[in-house]
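Protein chains: 2
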Amino acid sequence: MIELDWKPTKNSPEPLYRQIVVYIRDKVAAGDWVIGSRLPSQRDMAEAFGVNRSTVVAAMEELISYGILESGYGGGTRVKSNTWSLLMSRPPDWSEYIKSGPFRANLPTIQAINRLEFEPGYIRIGTGELSPDLYPEKLLTKIFRRMPEVVPNLGYLGALGLPELGRAISERLREKQGIKVGPSNILITSGSLQALQLISVCMLKRGSAVYTEAPTYLKSLQVFQSAGMNMIGVPMDGEGIKYWHIKDDCKDSLLYTIPTFQNPTGTVMSEARRKELLNFAAGHRLPLLEDNAYGELWFDARPPKALKAYDTTGSVIYLGTVSKTMAPGLRIGWVAGPEAVVQRLGDVKMQTDYGASSVSQWVMTELLTSGGYDEYLEKLRVELKERRDYALAILKEEFSGMATWNVPEGGFYIWLRFDRKLPMDKIFSDALKSGVLINPGNIYDYGENNAIRISYAYAKPEELKKALKILSGIGEKYYKR
Amino acid sequence: MIELDWKPTKNSPEPLYRQIVVYIRDKVAAGDWVIGSRLPSQRDMAEAFGVNRSTVVAAMEELISYGILESGYGGGTRVKSNTWSLLMSRPPDWSEYIKSGPFRANLPTIQAINRLEFEPGYIRIGTGELSPDLYPEKLLTKIFRRMPEVVPNLGYLGALGLPELGRAISERLREKQGIKVGPSNILITSGSLQALQLISVCMLKRGSAVYTEAPTYLKSLQVFQSAGMNMIGVPMDGEGIKYWHIKDDCKDSLLYTIPTFQNPTGTVMSEARRKELLNFAAGHRLPLLEDNAYGELWFDARPPKALKAYDTTGSVIYLGTVSKTMAPGLRIGWVAGPEAVVQRLGDVKMQTDYGASSVSQWVMTELLTSGGYDEYLEKLRVELKERRDYALAILKEEFSGMATWNVPEGGFYIWLRFDRKLPMDKIFSDALKSGVLINPGNIYDYGENNAIRISYAYAKPEELKKALKILSGIGEKYYKR
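Listed in order, the protein sequences are those of chains S and E. Each residue of the first sequence is one higher than the one before, counting from 1 in my numbering. Each residue of the second sequence is one higher than the one before, counting from 1 in my numbering.
The set of hints was computed from the structure by calculation and includes no laboratory data. It is possible that some hints are incorrect.
To be verified - Keeping only pairs whose Cα atoms sit at most 27 Å apart, straight-line, the calculated DSS-like set for lysine-lysine is:
# : chain 1 : residue 1 : chain 2 : residue 2
1 : E       : Lys385    : S       : Lys7
2 : E       : Lys205    : S       : Lys219
3 : E       : Lys385    : E       : Lys396
4 : E       : Lys7      : S       : Lys180
What the hints assert, rightly or not - Beyond 10 Å from chain S on every Cβ pair, some chain E residues (computed):
# : residue
5 : Glu14
6 : Glu271
7 : Gly401
8 : Thr404
Just so it is clear, the structure is predicted and the values come from calculations on it, not from any experiment. Glycine included, every Cβ here is placed at the ideal spot set by N, Cα and C.
When you get a sec, could you build the whole thing from the sequences and use the hints?
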């Protein structure tokens, strides 16, 4: 923890010992040297600082008198006072929840992925994000240029968000998805994740069951885990979630579903299954949380309408976002639901962050009302489909006879399942050594599996090809054992 | 709740009874007719819809068969199934916390203010926000125009936020405030409120004491209340908080302070008091949360440096924002603290909303690095000072002999204290009837007081004059009784 990569300035008017005092004080104040850390020996410090040992002694004495350092029992000197560090050393509630439960084993992989995604040099073949190459630079330039005329000011907004955006979104939901909502049914959030957060805070009791498809994107559901919910995976078939596995007594529960281009399997829930699920939900008073992040990214044919469009009993809360279709950095999502629910979520949102950025909300409004978003989506669908076809061709070449996979009709994901049980942790680290970052299936599942989530949306096609070749080589190595 | 402001279409191919079924189904599905609501009598519905009673009976029967309506025990028909409403009717944890504690009495006033602030037609003389007249339209136009060249893409960002903004803020804190921090000590948040929220989730235990100045802006601290903290007001004098009133045993506690241009009293903590408070905090291992929202809005002389600048023991977490100095709609705030703390808060932020809007963060970066923000601040200080002087002149004319007030050296607020105990609730509602929205002192205080927070930042000067005249008339009426 404690590294001495600094030397005092010899020709400074400030005495050497004083420079050392200030250096150590700042390190402790910044929290870089945490409380309880042991300092190097006086001899080592003298050497590292390039000063006499007596200079170090003088500095230590001053720092001890300030209460910043203390003499250790077994000799040596330790950092004594850094109030915040003290406070931090006590494990807070949220971390206990995260550590408990089925995520435990998965966390190190997720953390590694989160960290490595911000390090250059890896080909990322699992990233659930559009490639920067697909960023609609021209469109956004046009929109940004219009902002000065569009934005009247940047004051505080009401609980539901920018009214102009609420109107644009409710019109879009009515026209494109047949969802009957008005502006008072729409709450703007900072992405869908915040909507999940608000729902977990406002509506669910600790210990409530949250049913999800298995596999699903558990990372985005950590918010439920953290709030003490009991996550339960429900198996799927080709038509979607097998809802009949849900317990008859599902009081106080919630079902979170991604019915269209599901993450990570790409599955589309059939129209029949949607209607059955809604009947089941109404009969069991089971609220449904429909995440439609990928619904607009269809290739050849529109998927069935959103669950919310078939909902006649007010069972569904619908979540939308542009994080997957355009730009996560806008941090714009929306909840469509009954007025009372939306109002309540909005009130709590006001207490946590006073609403989403109005700059982002104006940009989004302009994207929708100018028609620019729809033109963009049309082009994006074509490009994503090309990327999908390219990925499928490589998979056929590289993984035939070793794995099977779905042919997604939209969205980002191919769920690549090896035919045999393979050591996925080793595959992850071998791939990493070869410069390939994969998203292994166990971070999506309640138990182990032999799958990998492939995203054709992020990596450049030629890089995807290179990475899939590497991955198939690694797979083969273990497959043949 | 249930209003029948709709009629079926007589010449539609859809039978009348069916149109009524769909109408009521949608009302219930949208949550507009909540569960348990009683429908009007069949006779009244027949009249309102302009149909025969038998048509209403047919529609009711169908809706009852769907489980949407049910026959009431005492006759009549009620809304039966709306799954979300059912769920909502159970009081969730957060609302229990908000209802308990010292806010109880204040809530109705705060709620009224929150609602009325979005209704036109009131002169708002307490609003803690810059007037739209002060919105730097030209500057922001310039900045928006530059966005296309500045923004590389709008992908996900790391836990601490946009690195370019972290660098710009840490440089600013070093240069302008003498706070020794680097980019790794800075976390970008969606305004200061989110920082408070993260701190309450990550660092404080239920039942921990949170000390604040009394009075303070309690509304912004509801987040601590909601999380079950025990709020304790500490009295102030002209030099700031009288910290010696804090219990010697303040383990697990936190002190939240606005040392500069305090909200609502305008007080500036003296340099001596700052140093004493830091000594006290270090000695008692009491962490300090310094909210410096107004610090850059000084008029004639710079205020003392931030507490964080004098902090040699790592006791202070510093909160900054542009919500008060420029535009709350940007939703940009920052935390400056020890690396370990900032990293932890950032991790939790990633779990709640994946970070602040990158559009806003780029706008802010450009504002800081272009020098535009500083030029703007210089002009703003002059304008705010003029508004202050204007407000003081009116107060002298209208309230002499009835009330006293501070002369703020920066920030937004004048704390107007009546010399006698007056019925503040009546003054609030009388003012409202005359079109003036005031922020009565009891929403800032732990007990009652005879004060009103006047903000010279929001209302137009001539409107402020008009409103203060009205207020003094109302005050006089009660004062003389």
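Worksheet entry | Minimum Cβ-Cβ distance from Gly401(E) to chain S exceeds 10 Å | About 36 Å separates Gly401(E) from the closest Cβ of chain S, which puts it past 10 Å; holds.
Discussion item. Check the hint pairing Lys385(E) with Lys396(E) against an upper bound of 27 Å on the C-alpha distance.
Written reply: Holds. Lys385(E) to Lys396(E) sits at ~16 Å (cutoff 27 Å).
Practice prompt. Grab the minimum beta-carbon distance between Glu14(E) and chain S and tell me whether it stays above 10 Å.
Written response: holds (16 Å)
Fill in: Non-interface label on Glu271(E), tested against every C-beta of chain S at 10 Å
Non-interface label on Glu271(E) holds, nearest chain S Cβ at 19 Å vs cutoff 10 Å.
Worksheet item: Between Lys7(E) and Lys180(S), does the CA-CA distance stay at or below 27 Å?
Response: holds (18 Å)
Item to complete: Quickly compare the C-alpha distance for Lys385(E) and Lys7(S) to 27 Å and report which way the hint goes.
Response: violated (47 Å)
Worksheet item: Just checking, Thr404(E) versus chain S, shortest CB gap more than 10 Å?
Response: Label holds. Min Cβ-Cβ 30 Å, cutoff 10 Å.
Worksheet item: Taking only the CA atoms, is the gap from Lys205(E) to Lys219(S) under or equal to 27 Å?
Response: Holds - the C-alpha atoms of Lys219(S) and Lys205(E) are around 25 Å apart, at most 27 Å.
In this structure, only the earlier hint numbered 1 is contradicted, and the remaining ones agree with it.
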